[in-house]
Every structure is written in structure tokens, then in C-alpha cells.
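S.K.: Spelled out, the chains give:
Number of protein chains: 4
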Amino acid sequence: MQLAFIGLGRMGSGMARNLLRAGHGVTVYNRTREKTKALEADGAAVADSPAAACRQAEAAITMLSDDDAVAEVVFGESGVARALGRNAAHISSSTISTRMARLLATRHAEAGQGYLSAPVFGRPEAAEQKKLVVIAAGPEDLVARFRPLFEAVGRETVVAGREPWQANAVKLCGNFMIAAMLESFGEAYAALRKARIDPHVFGHAMDALFASPVYANYGRIVAEERFEPAGFQLKLGLKDMRLALENARECAAPMPLASLLHDHFLAALANGQGEMDWSSIARVAARNAGL
Amino acid sequence: MQLAFIGLGRMGSGMARNLLRAGHGVTVYNRTREKTKALEADGAAVADSPAAACRQAEAAITMLSDDDAVAEVVFGESGVARALGRNAAHISSSTISTRMARLLATRHAEAGQGYLSAPVFGRPEAAEQKKLVVIAAGPEDLVARFRPLFEAVGRETVVAGREPWQANAVKLCGNFMIAAMLESFGEAYAALRKARIDPHVFGHAMDALFASPVYANYGRIVAEERFEPAGFQLKLGLKDMRLALENARECAAPMPLASLLHDHFLAALANGQGEMDWSSIARVAARNAGL
Amino acid sequence: MQLAFIGLGRMGSGMARNLLRAGHGVTVYNRTREKTKALEADGAAVADSPAAACRQAEAAITMLSDDDAVAEVVFGESGVARALGRNAAHISSSTISTRMARLLATRHAEAGQGYLSAPVFGRPEAAEQKKLVVIAAGPEDLVARFRPLFEAVGRETVVAGREPWQANAVKLCGNFMIAAMLESFGEAYAALRKARIDPHVFGHAMDALFASPVYANYGRIVAEERFEPAGFQLKLGLKDMRLALENARECAAPMPLASLLHDHFLAALANGQGEMDWSSIARVAARNAGL
Amino acid sequence: MQLAFIGLGRMGSGMARNLLRAGHGVTVYNRTREKTKALEADGAAVADSPAAACRQAEAAITMLSDDDAVAEVVFGESGVARALGRNAAHISSSTISTRMARLLATRHAEAGQGYLSAPVFGRPEAAEQKKLVVIAAGPEDLVARFRPLFEAVGRETVVAGREPWQANAVKLCGNFMIAAMLESFGEAYAALRKARIDPHVFGHAMDALFASPVYANYGRIVAEERFEPAGFQLKLGLKDMRLALENARECAAPMPLASLLHDHFLAALANGQGEMDWSSIARVAARNAGL
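In order, the protein sequence lines correspond to chains E, H, B and A. Here the first sequence is numbered in the working numbering, starting from 13 and rising by one per residue. Here the second sequence is numbered in the working numbering, starting from 13 and rising by one per residue. Here the third sequence is numbered in the working numbering, starting from 13 and rising by one per residue. Here the fourth sequence is numbered in the working numbering, starting from 13 and rising by one per residue.
So that you can see chain E by itself, here it is in the shape it has in the complex:
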């Protein structure tokens, strides 16, 4: 397929590369042009605007940091919405709000364009290695038509429902699950450090108990307090908890643990940790324990 790919951060670059590897034609756009070079060397065409990238595309995939960035790229002057053909579709892989996903679905439908939400789980290494988990949602025919794209970037595709925003709800709840794990590690390590127990002992026990690579990875990071460089910035984790809570409010489903996580991410931000890895939420528990 002819594709537009917009947003070449660490996640987007890996995904675009895997789409090229799968044989698709990819035209990329990124606000800072610098980042397009590596993809160009791999065979991508480079466009000067989102609109220019979309003109011949069957699908435009966006991988951006937040609602505002998506709004600008899609609805802006030379945005996706103006250039995308009537039979083409916009696939948003960004972690955006369910409200924005509903807005995108409505607006693209009004313009005769398709829309799918397809956010992904996985850190940048997973994007590079085609090991993402893709959560897709939208009309069944569209999901079927673009499934090969999901398979080109991930190891598994989960279909969340027929309304695009449902995929975003699943993605936000998934990030909430990981953040809950980070907080539980943070509180446990703070208590255990004050009990003079080697944090690696606990990490080891949790490895044996959960047998999960996610626990193994983050357990080690928190035990060693190795919060820089960030794999996923704390301020983005804060944004995701905000979006999860907004979705929960719209659904009238209270999520007190998500509120706790939100408040601890905010405390971390207020104490200068916004650019650190989101696992540094553990420092809030440590600070409250006088460590």
C-alpha cells in the first residue's frame, strides 16, 4: 500500500521502518526534518507537510505525543483532513483521549474518509523489533483492510470493538495497569529499604512470583533507581493518567487507584522529575518515607 506516516519520534521511526520492510510505500513527515533522514536512507519519501504526505496515500498513520499535536496535524492548514482521499483512512496510533478519537471519527466521516484508532503497547526497542501489541478499533471492514499494517509493526493485534475510541480506552487502561505496578513497586521498595532488606531480593522474589518480563525490567529499574535516560517520560505518564481519568469520568466509573497514580505523577513533576522515566514515581513513596 501507499502510506503516509506522520510523527517520527522513537516509536514512530521504528514503526515506519517496519512498514517499509514489509514492502509498503511510505511517505514520512516530521515537524523537525532532521528525524526523517534515517527513514529516507531506508527508502521512505519525505514530504514537507502532513497534507503533502497524504495526497497519494491509502492510509495516513499518525504517531504523535498528544491530543494537541494530533489536532494540529489533522485539522491544521496543511493537515491530513484536507488532503486525504475519500476512500482513504486515517489510522491514529498515538495515545490520545477517547474524546479526541470520537472527534476524529466524526470529522473524518463527514469528509468521507475512514478512521481507525490503533494505539500500541511497547517501548521504542519493541517498535524497532516489530514486537508491539496493537490495539485496533473501528468499523470491521476497515480493520480487516488495514490489518496487514498492524501485522507489519507488531507481534499481536487485539481488536477492541467497532468504535475507534474503544481502542484508546483499552490503551489508557493498559498504561494505567503498568503505572499501578510501578507505584506498587515504589511503595514496597520504600518500606523494604527502611526494613534494611536488599531491594534486589524483592525484585528476585517478584520475578519468581509474576514471571513477567515487565516486572523483571521495571523491578530492576526501581531497585537501582536508574530513572535516566527515560524510556517513557514521566510527564507523558501523567498525561495518560489524566486521559484515563477523563475516560473514566465520561463512563461514570470511578478509578481511585488511577487518581492516586495521577497525584503521585503530579507530585513527581512538581519535584522536577517530568523528564525522568515514569518509573521514578517510586521516588514519591521514597520521599514520603523520609528516604
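It should be emphasised that the hints constitute simulated quantities derived from the structure, not laboratory data. A portion of the hints provided could be inaccurate.
[Said to hold, decoys possible] Computed footprint of chain H on chain A; a stretch qualifies when at least three of its residues, placed anywhere within it, have a C-beta under 8 Å from a C-beta of chain H: (1) 41–53; (2) 277–284.
[Stated by the list, open to error] Within a straight-line C-alpha distance of at most 30 Å, the following computed DSSO-like cross-link-like pairs (lysine-lysine) qualify: (3) E/Lys251 <-> H/Lys206; (4) E/Lys143 <-> E/Lys47; (5) H/Lys206 <-> H/Lys142; (6) E/Lys251 <-> E/Lys143; (7) B/Lys206 <-> H/Lys247; (8) A/Lys206 <-> B/Lys247; (9) B/Lys206 <-> A/Lys251; (10) H/Lys206 <-> B/Lys251; (11) B/Lys247 <-> H/Lys206; (12) H/Lys247 <-> E/Lys206; (13) E/Lys49 <-> E/Lys247; (14) H/Lys206 <-> H/Lys47; (15) H/Lys247 <-> H/Lys47.
The beta-carbon is built from N, C-alpha and C at its ideal position, and this holds for glycine as well.
With the hints as your guide, set chains H, B and A onto chain E.
M.R.: Here is chains H, B and A on its own, set in the frame of chain E:
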């Protein structure tokens, strides 16, 4: 070795059986004698009191429900403390408070007896199949001497420190980690159900994300709301959160997530769920969402 | 002064009446015309649109339910912004977000109009009886110029700062303080009812302790579970906690108690209490106690 | 009446003095004898042990810091229980657990002695000035018989029920109400300080809103961060939240706000604030806001 094994609930029975299989001589005691029969058939001797079970034993292993049960079995009229030899040791595998572990260490030392804490992770099936994770703590020579026992009941032994109570702190924090996961599942499922998303879709996504058998198991239980029969009773989960919080208070390390879990287990108990599986904490989130 | 008054709910009607009593000329507007009749009988002129009400006015006072209502009345087709004179000012007494207050300040300044935030504390009876507490903020000269209006509707005027949104921050934090009191009553009463203690005994003790009419009033309401008719609807309380949390996020100041209140209001809403008095947040604690 | 008064801290001294002023005969005991001197000058007899103080007494009033202190004074070698006559009663004014109150009731009944719980609200100045609020509970005839004593030390007596522990439940819930107010002040002030709003403005607004001397007093303390010297030590506030939560657990009534308060007091303790006034819980919110 000659061993006494006291407390033949679902966990204790599996452990005692594996000690027999490993070739140790085991004398068992249980308050309700009924439960000793299966073990007797497997080759165990049966005693009439904790003291009687301990008389010839090199080690007395206790696997009981809480602090009070341990206090009665150890310090009671015909209790362990009165009968255990001076070179022998008491190994407590029960999930007890760190305070009780310190009391046991002190009292046994005064009587010239050894003491180890060796709580375990794993559900009854794991106990039966020798797949427990044993968290052991106490004087190094004692841990080394009794390590073969831990290896006879579990697939892995983690040494938490030289003070017995440290193993209990690790165990309580581990149960806190699992309970945190249960709560996060509960809140996510409540929000997703109100968003009309099939819970199995989310369970599937979390499987792909965490790749953990614990998430797979509990994710399914919560998705299907299959809370009976209980694998681990909610009222015991409440007790463990209470003990985790007591330990945290003694260490001056606040655990707000543990407080949240405690309060939700208590809400569940107040609404008649004390005998259900502890994963039914998910009902609190569901009820608060009007489900 | 010649005034426009827009929004004749229970609060607004009382305020408009007191402005008339103080000798000001008042032109009123309300979406449902029905509600203007009583004011007309008291001497107010009635306009067909916000714009029509504003044309001759030195100040336009708005008392509306939320940000959206204010946006429509101010920025809409026949809105305040189009009709208000260059030397005149908009005074918003609604409980709106700090963000909306900043937007209003900017837009009115661009149009050469003045803007003040002047939200009020007090229930409808207090509005009727000129017993409101007015929190005013904005440029000092404007506050001084319109102070007689605040004195006409309230028993006390507190100046929060020179930027209008600061008054809204104070108002939202004040509602947070009241909601915190409601939740504390709710939790205490739930525990005490389960301890078979007469709720009026506790209400009496809290009267003696706090000596506050607010505690006396709400203590009685919660003790008697007299949540209907609503003095202040729970769904509005939920909105205010949301706005307080948004302001807190913008200031990077975590408010975990506000999060708890938000989640309990949301649980109440999900359980059908949106139109009841906000003191019915107490039912969440009661339900969690199995009452 | 002939009375024994045990425990001459700042609260106890004021109460004992007012009993003397009311014409009762008072024999005092305090662990550190130094503190008995002022009372002796006012006409009190001084005893060498709790037992010695109780021998002729119709009632023994204890005003001590916690459960352990009461247990020692009552059940110890030369304790109250051994010396108090069969027709006399022990009146405990200390803030103790409901469990300890039940134990005291049982043990005194076994010894043929009466028992009342009569904890008080008020700071040391109020004790001195006979302005305490007394919460009394126990058998109706005993309450009636000793009511003159309550009236001698306080401005109001509230009868909580026929079981002594009910008074302790009310007292603990009352301290919870005050602590909730302190936390709400702390969070509001942290947000408002970051919004560059003068804290006294908010204090002033809350005065106008709540019209309560308790809000006026603590609002000022928190605004000025005047946490030393302590009127009521933070570590005692932590103890009271612990006891309130224990009572809530026994009643199966979750108190999530009490849990939050407990965790914030604990964070404050871990950061060196144990001896400061309990209003310094506000520092936790400030620290989490990066202030």
C-alpha cells in the same frame, strides 16, 4: 530429618506431602483431626498435640492462618515452645505479622531454640506440585541447615536477610503487589464494561503486555467474575493488607496504595464477600460504577 | 448603575433582586423566560438576548451553571461580548474554571472591555438575604469601581488578587473545603451507625466542637439522610471537584483529598444521585460499609 | 466527692484544677512527681502510686497518652484496679482505643468496679478554662452519678451511649473530623500558594464561610506555617488516626479519608515532624507541590 508439621489446611497438606516425598520423617498435627488422614495414608505419623508432634523433631514447621493461631500453637499449654529440643528449630511458614515474627525469634532464643521465618508464595495447587516460592530469613547457619526443606516444598528459595521478620516483610509486600494488580484489573474492567468493551479483549491485551501467568489467571477470573470457590479468601487478603500496613507504620514508610486496597477489601467484607476469592475486590469498583 | 444580569437560577434571582433593592437599574435575561417574571414584578427590565441586556449596561453580571453556559452567553451570536460597551465590564459570578476565567480576561481585554471574576459562597437562602460572601479578583481600579455591587449582594467581600482567575481558584478551593467536610461527616456517620451510636449525638458533639453553622446544617442533613430536595446538586459538586483538580494540575499542586472527593461524587452519580444534594456523598461511605 | 486524678500533662492538670475548684477532694498521681507541685499548691493531695491515690476515692480519673500508659496505670503492680473500691468507678478521659475501653469495662466489672469512658475535646487552654466538651458513655446510672464531675471540667457534656467504648468511638471520629479539616487546609493552601494567592485571603474567606473558631485558629496556623510549639503533637494525631481506623475495621466501615490522613501523618513523621503540631500535616501537601 525428623520433622513436625502443624497446620494441614490446603497449603500445609501439600507442603507436608512433599516433605514426605523427599524422604523426611513427618509427624503431623491438626486441630481437626479429620485432615490428618490423607497424610497418614502417605506415611506421616499423627500426633495429639503440637507438643507431641515436636518431641523428636529437628524442626517444627507451622502453616497456620494468622498470628493468633500461631501464638496458640506455639505458646499454648501443649505448644511447640514447651516440647521443642534445644538444638531444634521452629520454622514458621504462615503469613504472620513482622511483630509476631520478632516475638517468636526472641522467645525461641530464650528457650535455646532456633527460629526461621519461611513464608511461601503460591496457591494450593502450587503447594501440591512443589512449585512454591519460599522466602526464608534468619541466621545464616540455620538457613543453610534447613535449606533442603525449602527445596523439598518449592521451586525456588529466596533469602531475605538475617532477621526472620524480614522474610515476613517481603511476603506481605508480595501479597500487596498481587492485590494491587487485582485492584487495577477491577478498576479497568469496570470502566471498560461501561464503555461496552468485551472484558476478554482487555484480558487478552494484558496477557500480550505482561506475559505473566498471574495476570492471565486473575485477568480471566475477574473478566468472568468467577469469585467462588475461593482460591484465597478475601478476608485473608484483608488481614494481609492490615499486616502490610502495620509493618509499613513500624518502618515509617507510608503505603497509600496499600491503604486503598485495605479499604476496598473492607468494603467488600462489609458487603458479604469475606469468603469469596480476594479477586472479588473487583466488585467494589464495579459497584461504585453502578454496575 | 445600569446593570445587565444574566442567569436567573435560584442564586441569580436573589442576587438580582438585591441589586434592584440597592437602587441599581437592572435588565435581566434568562434562557427560559418564565423565570424573569418575578424580577420584572420587582422592577427589572427584561431583555430577549444577552446582547440586548448589555447594550446600555455599565456592567454585565453572569451567574450561570458552568463553563459551557458562560461561553455560549458571552461568545455566542447575540452574546455579551458583542454588545458590551468599551468602558463597561463583565463580572462573572459563576463557578467556572480558572482556565475559562483567563480566557474571558483575554478576550474582553482584546475588545476593550473590563473583566472581573466575583464568584460567591452561600446557598440560595443566603443569596436572597444578602448574606453571600463575594470573592472578587481583577485589576484594582475595576474592583474598587464595582465594589458597591458586591456589597449589594453579600455580607462580605474578599479580594483574592489582581488576576481574575485567582478568585475562581479561591472559590473552587472553598467548595473543596466544604466537600471535604461532607465526606468526613459521611465516613464518621457510617462508622458510628455501625457502632450503634445515634447520629444526632455525633452531630451535637461536632456542633459543640466546631461551633459553625455550616457544620450544624450539614451535620443534621447527613444524620437524617435528608438529601432531597437538593440545595446544591451533587452533579455540580462533581463539576467543582473536577475544576479544582484541573486548577491544581495547572499549578502542579497535587490534591489527593480532592481526588478522593471527585471519585466519591462520581460513584454517587453512577448510582443515581446526580440530582440529590451533594451532601449525599455520604451514601458512598454508607454503601461501602454495607449500610 | 473524693477523687483520684492520674496523669498531669497539660490537659490533666487543667482538669484536676477545675475539680478542685468545684470543691471535690482530689488526690493526684503523676509518673514524674515534679508536675504534681502546682496542684499540691492548689490543694490536692499527692500520692506515690496509682493505687495509693485510689484507696479512698469514689472515682479515679485517668488522663494519659495512650493505651499502653492506661494499661500500666490500671493493671500494673500498684495499679488502679487493685486499689479501687467495689462501689467506686474508673473514669477514663484519655483518647484510647475502643478495644481498650471494652477491656477496661470487662475487667472493672469482674472486680465489681464501675467504668466510664469520658474523653474530651479541647486544647490545653480549654482544659484550664473549663471549656472542654466531654463525651461520656457507660451505664446510665453511673453517667448520672458522675455527671457533676463532667460539668466541673467542661462547658458541655454529650452522652454517646450505654457502652463506654462508644464515647471513644465518638472522640476518635471527632479527631478525624479535625484532621480532615487540617488536610483540606493543607491542600488548598499548597495550590493557592502556587497560584500566588496570599494565604491570609483564603483564611479570611474560610472564616467568613465557616464562621468557626476552629477554622479561624487552624487556618491562621497553617497560613503562617507556625507549627511549633505544638498544641497537639503530630505523633499523637497519627496515633488517633490509627485508632480511628482500627475502630472502623472492627465495625467493617471503610474510612478512606482517615486512611489518607493516616498516611500523611506518617509521611510527616518520617520527615521529622513528629513533635510538631499536627497541623503541620500541611507540609506534606506543600512538599508534594514542590514548595
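S.K.: Next step is simple, just say for each hint if it's right about the structure.
M.R.: For each hint, the structure was consulted:
{"no.": "1", "hint": "41–53", "result": "violated (count 0)"}
{"no.": "2", "hint": "277–284", "result": "holds (count 4)"}
{"no.": "3", "hint": "E/Lys251 <-> H/Lys206", "result": "holds, 22 Å"}
{"no.": "4", "hint": "E/Lys143 <-> E/Lys47", "result": "holds, 22 Å"}
{"no.": "5", "hint": "H/Lys206 <-> H/Lys142", "result": "violated, 41 Å"}
{"no.": "6", "hint": "E/Lys251 <-> E/Lys143", "result": "holds, 24 Å"}
{"no.": "7", "hint": "B/Lys206 <-> H/Lys247", "result": "holds, 19 Å"}
{"no.": "8", "hint": "A/Lys206 <-> B/Lys247", "result": "holds, 28 Å"}
{"no.": "9", "hint": "B/Lys206 <-> A/Lys251", "result": "holds, 22 Å"}
{"no.": "10", "hint": "H/Lys206 <-> B/Lys251", "result": "holds, 20 Å"}
{"no.": "11", "hint": "B/Lys247 <-> H/Lys206", "result": "holds, 19 Å"}
{"no.": "12", "hint": "H/Lys247 <-> E/Lys206", "result": "holds, 28 Å"}
{"no.": "13", "hint": "E/Lys49 <-> E/Lys247", "result": "holds, 28 Å"}
{"no.": "14", "hint": "H/Lys206 <-> H/Lys47", "result": "violated, 45 Å"}
{"no.": "15", "hint": "H/Lys247 <-> H/Lys47", "result": "holds, 22 Å"}
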